[in-house]
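**Student:** Quick mapping for you: the protein sequence lines, in order, are chains A and B.
This note's numbering applies: residue 1 is where the first sequence begins, and numbers increase by one.
This note's numbering applies: residue 1001 is where the second sequence begins, and numbers increase by one.
You may find that some hints are simply not true.
Taking lysine-lysine pairs in the BS3-like style, the calculated list, with each CA pair at most 25 Å apart, reads [said to hold, decoys possible]:
1. B:K1107 x A:K107
2. B:K1009 x A:K141
3. A:K117 x B:K1007
4. A:K117 x B:K1096
5. B:K1141 x A:K141
6. A:K121 x B:K1107
7. B:K1117 x A:K141
Keep in mind that the hints were calculated from the coordinates and are not lab data.
Keep in mind the model is a prediction, meaning the values are calculated, not measured.
Number of protein chains: 2
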Amino acid sequence: MQNARSKIKALTFDVFGTVVDWYSSIVAEGEKLGDTHGIDIDWAQFALKWRAGYGPAMDKVRRGELPWQNIDALHRLILERLLDEFKIVGLSEADKDHLNRGWHRLKPWPDAVSGLKRLRKRYIVATLSNGNIALLTNMAKFAGLPWDCILSAELTRHYKPDPEVYETAAALLGLSPNEVMMVAAHPGDLRASQAVGFQTALVPRPLEYGPSSVREVNAHPSDLVATDFNALANALERNEK
Amino acid sequence: MQNARSKIKALTFDVFGTVVDWYSSIVAEGEKLGDTHGIDIDWAQFALKWRAGYGPAMDKVRRGELPWQNIDALHRLILERLLDEFKIVGLSEADKDHLNRGWHRLKPWPDAVSGLKRLRKRYIVATLSNGNIALLTNMAKFAGLPWDCILSAELTRHYKPDPEVYETAAALLGLSPNEVMMVAAHPGDLRASQAVGFQTALVPRPLEYGPSSVREVNAHPSDLVATDFNALANALERNEK
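Make a model of the complete structure from these sequences and hints.
**Tutor:** Here you go:
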C-alpha cells in the first residue's frame, strides 16, 4: 500500500457522521425549537428516528418508488411523518423549514477543521456526500470546513453506495479512482468506493449515534484506519517519508 | 434595484478573464516552455489564438458536431492545431499535458483574492465557469481563490451562455435565480444569466486580451458596474446600509 498511497491526489469525505456530529446537532436544534414552542418530547429519539428514515427514503428513490429528489426534500418528507408521530402541532412553514435546514448547521467533530486544514496542504479535500450541494455549501460556511470542492451524489442523481457517485467524483476531479482516497466512518461507503478503485480510510466515529448507542465498526484489511482527521494526516505524512 | 439587491444570497463568478488573467499567465507558461526547449515564437499571439479557438470549439459541442467534452479536452484539441500552425515539434506528451494544464495555473487579477475574501463574509461565492471542475479546483488551490463552492458548466454538459448552466447553478445552490448575482467581465454572460432571472454585476477587465488590445465593454442599465472585486464589495455593502 505504501506505493499506492503515494499516488493519492485527492481525499473525498463522507460528511454526515464522518465530518460532522449530526446526532448532537439535531438534538440541540430540536431542544431549541422545543423551548421556544413548549414542545416537550425526547429529542434524542426524534433525531435518531429522523436519521433512521434517511436510508429507506434513499432506497425508495434508488428503486424508482419516489422520483429523484435531493436530501433536503427527503429530510422534509421524513420530518412531516415524525411531526405526526410525535404529535407536534402548530409549527409554521418557516419553523418547519428552519428545523429541516438544521441539517445545514451540523457541528464538526472537534478534530475535523484542524485535520482538514492539514490534509488540504497536500491533497485536494472534497466532500462526497449524499447531502445536496446547497446543504454541503451552507454547512461548510456555518462550520468553517475548508473544502477545495463540494461534490455530492446529487450531481449524479444517484445515492451512495451506487458506483456512479464515486466514478463521477473521480472523473470530475480529473483523476483515476486509485488517485482518490475515500474517508468515511462507514465500512459500506468504503467498500463501495473500493469496488470502483478508490483507496480507503476508515475513521470510526463511535459517538455518531449518541453516547447511549456506541457502535463499533470493522475495517477491511486494506483500509488505512485513523482515530480522527489529525491521525489521518499523521499517517499520510508518515507514508510520504 | 435597492430592494432586489438585498435578496442576494450568492454571487457566481465567470472565471477566465473575470477572476484570472489568462493572457499574461498563458504567455508566461509559453515563454517558460520556449526557454527550456529553444522554441522562439510570439507567445502572445499563441495565447490569443489559443483563447480564440475556445468559443468556436464550444460552439461545435453545442451544435453536436463534436461529442461532449470538457474544457481540458477542448484546450488540448486547439493546442494540437496550434502546435502545427506554429511549427512546434519535439514536445513530449508530458510537455504538452503540462502546457495544456497551464489553464489550471492562471494568476488572479490583483484584487481578486482580497475582494473574494470580503464578499465571502456576506455571500456564498461560487465559480460559474465553462472551465471544468478539476481545472477550477486546481486553479483555486494554485491561486488561493477562496470559493465556497465550485460550479461549472461541465455539470450540465452545456456551455455558457446556454440557460441550463445558470438554471442548474441556482438550483444546486437551493436558491431562486433572483437570489443570485452573476459577476462577469463579459456582457454576453451577464445577459444570458439575466434572461433566467439572475441579478448581474459587470466588472470590466480591459487588459483581458493584453496591453496591446484594450477592450471596452458596455453595461446594461440594470447591471451593477464595479471596477474590481473590492469595488464590488463596497457597492454591495453600501446597498446593505
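**Student:** Now tell me if each hint is right for this structure.
**Tutor:** Going through the hints against the structure:
Proposed proximity of K1107 of chain B and K107 of chain A is contradicted: the alpha carbons are some 34 Å apart, above 25 Å. Pair hint K1009 of chain B plus K141 of chain A holds up; C-alpha atoms about 13 Å apart against a cutoff of 25 Å. A C-alpha spacing of about 32 Å is found between K117 of chain A and K1007 of chain B, which places the hinted pair above 25 Å, so the restraint is violated. Taken as a hint, the K117 of chain A and K1096 of chain B pair is broken in the structure, with Cα atoms around 32 Å apart against an allowance of 25 Å.
Proposed proximity of K1141 of chain B and K141 of chain A is supported: the alpha carbons are some 18 Å apart, at most 25 Å. Annotation: proposed proximity of K121 of chain A to K1107 of chain B holds, straight-line Cα distance about 19 Å (limit 25 Å). Between the alpha carbons of K1117 of chain B and K141 of chain A the distance comes to roughly 13 Å, so the proposed pair stays at or under 25 Å and holds.
The structure fails hints 1, 3, 4 (numbered hints given earlier, in ascending order).
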